[in-house]
Every structure is written in structure tokens, then in C-alpha cells.
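Asks: Going down the list, the protein sequences come from chains A and B. Take the first sequence: its letter number 237 is residue 237 in this note's numbering, and every next letter is one higher. Take the second sequence: its letter number 109 is residue 1109 in this note's numbering, and every next letter is one higher.
Hints are computed from structural coordinates only; laboratory data are not their basis. Hints may contain errors.
Computed cross-link-like contacts, EDC-like style, restricted to lysine to aspartate or glutamate with a CA-CA straight-line distance of at most 16 Å [as the list claims (entries may be wrong)]:
hint	chain 1	residue 1	chain 2	residue 2
1	A	Lys20	B	Asp1102
2	B	Lys1161	B	Asp1078
3	A	Lys84	B	Glu1039
4	A	Lys82	B	Glu1039
5	B	Lys1088	B	Asp1102
6	B	Lys1011	B	Asp1061
7	A	Lys204	A	Glu276
8	B	Lys1159	B	Asp1113
9	A	Lys82	B	Asp1113
10	B	Lys1156	B	Glu1166
11	B	Lys1124	B	Asp1102
12	A	Lys145	A	Glu276
Part of the chain A face toward chain B, derived, beta carbon under 8 Å [said to hold, decoys possible]:
hint	residue
13	Ile12
14	Asn14
15	Trp22
16	Thr93
17	Arg147
18	Ala174
For glycine and all other residues, C-beta sits at the position ideal for the given N, C-alpha and C.
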Amino acid sequence: MKEELFVSGRNIPNIDPFLKIWHWQIPLYLFLGGLAAGILFFAGYFVVRGKEKEMQTAVKWAPLLAPIALVLGLGALFWDLKHKLYFWQLYTTIRLESPMGWGAWTLMIITPLSLIWVASYMKEIFPWWDWKFKLLDKFEAFVIKYRVPLAWVMMIYAIILGVYTGILLSAFNARPLWNTSILGPLFLVSGFSTGLAATIWMSKDAAERKVLSQIDLVFIFVEIFLIIHLFMGFLAGSETSIEAANLFLGGPFTVSFWVFVVLLGLVFPAVLETLEIWGFHVPKWLPAVLILFGGLMFRFIMVEAGQITRYLY
Amino acid sequence: MRYAMAIDTKKCVGCGDCVVACQTENNVPHGYCRDWIVERVDGTYPSLSLEFRSERCNHCDNSPCVRCCPTGASHIVDGGVVLVTPHKCIGCGACIESCPYDARYPHPEGHVDKCTFCIHRVEKGQNPACVDVCPTNCLHFGDLDDPNSAVSLALKDRKWKVLAPEAGTKPQLYFLT
């Protein structure tokens, strides 16, 4: 028998026996950030490709969700801070080494960008819309004129935001489950997939849905591929990595991960989307809801399980 | 100058005096601690081995907490001591997640708190409170660059280990074994 016991009065709330510093706010934010990144990327992508007419939902309607998701996500982040009145300190420094510093600045840029994007389509979405001020009308005309460069900037920032949601976790050496560079691309792909799912759900045009489903299928397959690689990497790694993987391979997160994230959140919606592309009737909300639910579960599980994993000494 | 501490696991009896001294000296809130004792039992009864370790922040040379801090509240001062400036800390918890030793905790006032090597005492030429109070004299503190400091002398002809060296943090608590 080998054991290690804490015998002092150490029983610090949220630290002992397992770390639980980050609660629901962080995974919710990671989900909303990924969702917004996905929506904004494809809005920009279809404008750059000149498919504005064919992909109306992706370009005009779905981006309405992005600023809402980002503001809710920022709200969750703010809620999570324990020294809330000092939050402005984030914006008095630029710390290139700190992923959270990068994230704070990225959000500071992409949230206004998403608002500008939505504003430039307000008159197309709501024909009765009136800006009331001449200056705003001029600004709208300026944005519409430079929409393609704006789309490029938004796509780049959407990728940074999507990757950042993974890097936020992967930068922590101390938590072996998170400390893998595959988390950046994995969260990016998963976020893009949830963004596509939300757009598919909103779209009333079957032809648009078909294109989005085809793209989403590619992302789902890449995501499954990255998950397999994640576990291959862990199992070929050190003792701490193997222990991290074992949480999902017989450990307490086995059912929640493989059933809810992989089967219900990836495999099942992929099958449904394939059936829809083949012409079978599938309710459009079903695969979308499953993907969104899987994406949310994935982030909750990764944040909670990651905090349990640690170095052994 | 590089402050460090050597902890003699053969002399430590796990009394917890260092924990209480720290809580008193640094006004640590009730229910929290900046240092703690780990009792490690190895083997199978009746052949067991027991190790006591008085643990605290390792004041790492390559400190992940300082790297991940988005505001610069976590910083390193002269002598390699890792400190937190409360009025710069936003309480995001990144440094707590980043520490392989779980040496940091969220202070009830909101900011993050941790061992300071009692820098306010060290600056006056005194030892950290835990070192001065230890009844078995198992804690040795000082400057590693000074060959005659208590910590250098303690490390001179003893075997030692550091915790989780594979984490790459270059910790500065040396456990004499």
C-alpha cells in the first residue's frame, strides 16, 4: 500500500482534496466563445467567397447571435472573477506570456467587430430600421464599402478566439489532462462545429442547410480524429498523462464523455446530417441541438476533469 | 541572490508549528494556510517508511504562475521570491490552476494569496516565521549564492530532492532525505 496523507489543518475550500477553482462559468464561456467564433468565421468566409446571396442565414441572421453569445460569455467570465472591482487591471498591461491576457484583448477586439458586422446588416434584416443619426448612416456606408476586408479580419480573429479557448487550458503544465497542444485545434474545430449547428438550426433554406451540413460533417470527422489523437498521445505519455486518460477510459468521466460527447454529440448528429444530405427527412433542429449539447458537455467535462489531474509526488 | 529553503525530512516530526506560526505572522484567514504538512507513508505493514514534509510555495525559478498571470499581479522580486500584489490581482484563478504544488489559494477578500518567504522579515535580516519557530530546527533558509548561508550549509553534504522536478518549474524547496 502506498499513500500520501495531508495531516495539517489543510482543507482549503475549492482546493482540497481536488481543485475546483473554476466552476460552471469557465466552460460556459468556452462554449459561447467557440460558438461565436464559429458563427463569425463562416459569416466572413461566405462573404469573402462571394456567396452572400446563397448563404443568407450564415452571413446575416446567425451573426445576430455572436455578440449576444460574446456578451453573455464575458458576463460569465466577470462573474467568475473573485476580485471583480479590479477587472480593469486586465487592460492596463499587455502580457504576451499569459493566454488569459491574449484572450482578454482578443475579446476586446472581436466583440465590437461582431457588433459592427451585425450593424451593417441591420437594414437588410429589419427593413424598418433607422439609425436616427447621420454619422451612424455614414459609418454604415463605410462598413458596407469595406465589408470584404472586415470579413478577413473577422475570420482571423475568429480563429484566434476559437484556438484561444483551447490554449487557455493547454497552457497549464500543472494539469496533465489540459497540457496538450492538441487542445487548441480541438476546441477550434468543436467551436466551429457548434457555430455551424446554430446556423443550420436558424436556416430556412434547404440548399443552404445542405452546404452547411456538408462543411459540418468535415469538422465532426476532424474532431473525432483529434479526440482519438488526444488519447493516443496521453496513453503514450508519462504516468500523469496515462492517469488523465484513465479518467475517461474506465474512470468517472467514461460514460459522460463517450456517450454524451462522442456518441450523442458527434457520431449521432453526423449520421443524421448524412441522412439529410441523402434526402431523408430529418428535423433540422435535431442534429443542431445534439451538436450544441455535445459541445457544451465537452467543455464542462474537460474543465472539471482537468482540475482533478495533477502531478504525483 | 537566490533565496531558498531546505527542509530536513528526517528531523521533521509533523508538529504543525510552522503552519500556526505562518498563520499568526501573516494574518492568514481562518480555514486557510500558506504552508502545510504532508505525511507520506510508503510500503506494506509492518515494513513502512514515513516521511514528513513541511510544504509551501516553491518560489520556482521557472514559475508558471507568474507566466500565466494576465495582469502582472504575480511577480518575482529580488532573490527569486514570488509575490502577489493584491490590488493588481483580479482573482481569475489562472495562477492557482497553473501551480503543480497547489500552493496558492483564493483569499476571502478576493485576491490570491500564498507564501511570501516572509519577505517582510527577511528584508530586516530575520528568518521566515516558520523557520524561527521550528522546534526540531528542520527548516533552513537563506541565500543559495552565499556558501555560508544556513541553506547552503544544509545542502552541502546531504542528499536532497525537489518535488515534481518533471514539471520543469525549477522549484526552490529542497527536501533533505
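Asks: So, for every hint listed, does it hold in this structure?
Replies: We went through each hint and held it up to the structure:
1. A:Lys20 / B:Asp1102: holds, 11 Å
2. B:Lys1161 / B:Asp1078: Violated: lysine 1161 of chain B and aspartate 1078 of chain B sit about 24 Å apart, past 16 Å.
3. A:Lys84 / B:Glu1039: Cα-Cα ~37 Å, so violated.
4. A:Lys82 / B:Glu1039: violated, 32 Å
5. B:Lys1088 / B:Asp1102: The hint is violated at about 21 Å.
6. B:Lys1011 / B:Asp1061: violated, 27 Å
7. A:Lys204 / A:Glu276: Distance ~14 Å between lysine 204 of chain A and glutamate 276 of chain A Cα, so the pair holds.
8. B:Lys1159 / B:Asp1113: violated, 31 Å
9. A:Lys82 / B:Asp1113: Distance of about 12 Å is within 16 Å: holds.
10. B:Lys1156 / B:Glu1166: violated, 23 Å
11. B:Lys1124 / B:Asp1102: Outside the cut-off at roughly 29 Å; violated.
12. A:Lys145 / A:Glu276: Distance of about 37 Å is beyond 16 Å: violated.
13. Ile12: holds, 5 Å
14. Asn14: Holds - the Cβ of asparagine 14 of chain A comes within 8 Å of chain B, reaching about 7 Å at its closest.
15. Trp22: Where the cut-off is 8 Å and the nearest Cβ of chain B is about 6 Å from tryptophan 22 of chain A, the hint holds.
16. Thr93: holds, 5 Å
17. Arg147: Violated: closest Cβ of chain B sits about 33 Å from arginine 147 of chain A, beyond 8 Å.
18. Ala174: holds, 4 Å
Violated hints for the displayed structure, listed by number in ascending order: 2, 3, 4, 5, 6, 8, 10, 11, 12, 17.
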